[in-house]
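> Sequence:
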Amino acid sequence: MLESFFAYFPKSAKLAVIFLSVIFSRYMFAFDGGEHALIGNLAFEKSTFTHPTFTPKNELKNLETDMPFNYGQVVAMSGDMYVSVEEIALSDPIILNGFFGRNRNSLKNCINIEIEAIYNDKVYSGCSDLVFAKKKLKYLTLAHDNYTHFAWHNIKKYVEFHTKALWFAKLAYLKCSDDQWLENAQQCEAKSAILWKEVESSGYREKLKSKYRKLPKLFPRRAFSQRYFIKLTKQQMIDLALFTNGYADHFLTDAFSAGHLRVPRSQIDRFVSYYDIDLVTDSDDREEGTSLSGALTQLLHNTDGYLGGTKVTNSVGNEFILRSDKQLFSLPDSTELSADFEQNNQLQYPVDAVVHSLQEVFNVVVNGGDAMPKYAYKALELVPFIENAEQNSLATQIQAAIEDRGATKKIIDQMSDEMSLLFKAKLLIEDKSYKHYLQDFVDSIPQLMAEFREQVTMESENELFKKRIPAPLLENLRQMH
Numbered sequence: 187m188l189e190s191f192f193a194y195f196p197k198s199a200k201l202a203v204i205f206l207s208v209i210f211s212r213y214m215f216a217f218d219g220g221e222h223a224l225i226g227n228l229a230f231e232k233s234t235f236t237h238p239t240f241t242p243k244n245e246l247k248n249l250e251t252d253m254p255f256n257y258g259q260v261v262a263m264s265g266d267m268y269v270s271v272e273e274i275a276l277s278d279p280i281i282l283n284g285f286f287g288r289n290r291n292s293l294k295n296c297i298n299i300e301i302e303a304i305y306n307d308k309v310y311s312g313c314s315d316l317v318f319a320k321k322k323l324k325y326l327t328l329a330h331d332n333y334t335h336f337a338w339h340n341i342k343k344y345v346e347f348h349t350k351a352l353w354f355a356k357l358a359y360l361k362c363s364d365d366q367w368l369e370n371a372q373q374c375e376a377k378s379a380i381l382w383k384e385v386e387s388s389g390y391r392e393k394l395k396s397k398y399r400k401l402p403k404l405f406p407r408r409a410f411s412q413r414y415f416i417k418l419t420k421q422q423m424i425d426l427a428l429f430t431n432g433y434a435d436h437f438l439t440d441a442f443s444a445g446h447l448r449v450p451r452s453q454i455d456r457f458v459s460y461y462d463i464d465l466v467t468d469s470d471d472r473e474e475g476t477s478l479s480g481a482l483t484q485l486l487h488n489t490d491g492y493l494g495g496t497k498v499t500n501s502v503g504n505e506f507i508l509r510s511d512k513q514l515f516s517l518p519d520s521t522e523l524s525a526d527f528e529q530n531n532q533l534q535y536p537v538d539a540v541v542h543s544l545q546e547v548f549n550v551v552v553n554g555g556d557a558m559p560k561y562a563y564k565a566l567e568l569v570p571f572i573e574n575a576e577q578n579s580l581a582t583q584i585q586a587a588i589e590d591r592g593a594t595k596k597i598i599d600q601m602s603d604e605m606s607l608l609f610k611a612k613l614l615i616e617d618k619s620y621k622h623y624l625q626d627f628v629d630s631i632p633q634l635m636a637e638f639r640e641q642v643t644m645e646s647e648n649e650l651f652k653k654r655i656p657a658p659l660l661e662n663l664r665q666m667h
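For the sequence shown, the working numbering assigns the number 187 to the initial residue and increments by one for each residue that follows.
Don't read these hints as lab results, they were simulated from the structure. All C-beta atoms, glycine included, are put in the ideal place defined by N, C-alpha and C. Errors might be hidden in some of the hints.
Straight-line alpha carbon distances no greater than 25 Å define the calculated DSS-like cross-link-like pairs of lysine-lysine that follow [claimed, not checked]:
1) 232 / 247
2) 342 / 596
3) 294 / 393
4) 595 / 350
5) 232 / 243
6) 652 / 621
7) 420 / 383
8) 294 / 247
9) 560 / 417
10) 383 / 294
11) 618 / 350
12) 342 / 564
13) 377 / 560
14) 350 / 653
15) 595 / 342
16) 621 / 232
17) 560 / 596
18) 595 / 560
Computed beta-carbon distance windows for the label pairs [to be verified]:
19) 499 / 558: 40 to 46 Å
20) 599 / 558: 45 to 51 Å
21) 599 / 560: 45 to 51 Å
22) 560 / 379: 24 to 30 Å
23) 622 / 243: 27 to 33 Å
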């Protein structure tokens, strides 16, 4: 029916129909933002870090506007809604401050609604601001640049930003509060000298670009600089370390969803490029997707481990069932939601991982560089993976889902209504059969996974990754099927 409907439309009209269909399509409220936030806040509460000179508070303030965030909100918004630490930690153009401020508050309110829904085992159908920010805008601009949320990429991203967070924590240790200056000015002078050397030897530029200096009230600071770090107070530096670690922990918590466990995100984009010469690039490191690669990614994301979950283990030998997005707080063998650890013991693993992540930052804030982790990051010891993945491969899971539905084309119901519409319409515009395209994709999954293993094997030779990622996790990623 859809084919015959589109057949008489010129290409421009087809695009207009897609645009309007996505705008007015039905939205299913999801718990993904609330899941990230609740895990972050539960971990902050559970960390119980105490020291005579430092007691962490679950309130971070934007470094220039003082807008408050709790740690869970930072974990939830990072990566999905803000593409960099600077974007959430620094200010917006003053002429747009009102708009961005209202938008940030709306997003925080929506996340709180999701958290309440989890605690009360309820589903809410509203929250239009979150719909616009997270769903419609991304689909309409075809911005499926979500490589970093999926297997291997999310681990790399965690290592990158947790490492940055620890460096910011080290700078926070080297800064003195007003009280510390009064108590021991000589020690603070010595620390300040070390701080200057540490910052000057970093890769950050000395100062902001000229346009930021000339028009500071019109342009936002979109990048950090050496001078900016020097002028921050001790508390602001601690907040910056936690903003950065919250960004890292977003990708860490992504790793505790079955749908993010082994979806070969970058290989899916290359599969799409085989069908369209316009998408072929010279770079193997391309990190942006299309409506087609986004739809195929969602298909695998929503199918792997759906409802029943996936049996996993981790680097320290814990065995548990990993659930999908929107199911992380579901009780075992149930759709009932609970954030109670006694009722829902699978929660302990992602929460404890974030606890370890926070504790490493807190330790460096108090004790300086001597407290830096010497080997693998402890949070990554809890990250799940599939043992004997070849016998329980992604291709096997997808084939089982197809057999359950009776036809390859019917697996498209694992996509959202919006994604399904975009997927079919995009292929119709290009005069391609979505059924044949889907079958070719399913048949290609074993080859995509082989390319995924090659990518991990090559990139994991990086010295930072070998040092910071536990050997069992790294070896499993190299053998993923």
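> Each of the hints needs a verdict: does it hold here or not?
Evaluated hints:
Distance check on the hinted pair: residue 232 and residue 247 sit about 21 Å apart at the alpha-carbon level, within 25 Å; holds. Annotation: proposed proximity of residue 342 to residue 596 is violated, straight-line Cα distance about 34 Å (limit 25 Å). A distance of roughly 32 Å separates the Cα atoms of residue 294 and residue 393; the hinted pair therefore is violated under the 25 Å criterion. Taken as a hint, the residue 595 and residue 350 pair is broken in the structure, with Cα atoms around 45 Å apart against an allowance of 25 Å.
As the CA atoms of residue 232 and residue 243 are separated by approximately 12 Å, the hinted pair is consistent with the 25 Å bound. In summary, the hint linking residue 652 to residue 621 is not supported, as the alpha carbons are separated by about 42 Å, beyond the 25 Å threshold. Of the supplied pair hints, the one linking residue 420 and residue 383 holds, its CA atoms being roughly 17 Å apart against a limit of 25 Å. Taking the CA atoms of residue 294 and residue 247, the gap is about 14 Å. The hint holds against a cut of 25 Å.
At roughly 30 Å between alpha-carbon atoms, residue 560 and residue 417 are farther apart than 25 Å, so this suggested pair is violated. For the hint linking residue 383 to residue 294, the alpha-carbon distance of about 38 Å lies beyond 25 Å, and the restraint is violated. Restraint check for residue 618 and residue 350: the C-alpha separation of about 45 Å exceeds 25 Å, so the hint is violated. The straight-line distance between the Cα atoms of residue 342 and residue 564 is roughly 15 Å, inside the 25 Å bound, and the hint therefore holds.
For the given pair, residue 377 sits about 22 Å from residue 560 by alpha-carbon distance, which is consistent with the 25 Å threshold. Pair hint residue 350 plus residue 653 holds up; C-alpha atoms about 15 Å apart against a cutoff of 25 Å. Pair hint residue 595 plus residue 342 does not hold up; C-alpha atoms about 34 Å apart against a cutoff of 25 Å. For the proposed pair residue 621 and residue 232, the alpha carbon gap of about 49 Å is over 25 Å, so the pair is violated.
For the hint linking residue 560 to residue 596, the alpha-carbon distance of about 50 Å lies beyond 25 Å, and the restraint is violated. A C-alpha spacing of about 50 Å is found between residue 595 and residue 560, which places the hinted pair above 25 Å, so the restraint is violated. Between residue 499 and residue 558 the beta carbons are some 28 Å apart, a value that contradicts the proposed interval 40 to 46 Å. Remark: the range hint 45 to 51 Å for residue 599 to residue 558 is upheld by a beta-carbon distance near 49 Å.
At roughly 49 Å, the beta-carbon separation of residue 599 and residue 560 lies within the given 45 to 51 Å, and the hint holds. Taking the beta carbon of each, residue 560 and residue 379 are about 26 Å apart, inside 24 to 30 Å as hinted. The beta-carbon spacing between residue 622 and residue 243, approximately 57 Å, falls outside the hinted interval of 27 to 33 Å.
Consistency note: the structure conflicts with the earlier hints numbered 2, 3, 4, 6, 9, 10, 11, 15, 16, 17, 18, 19 and 23.
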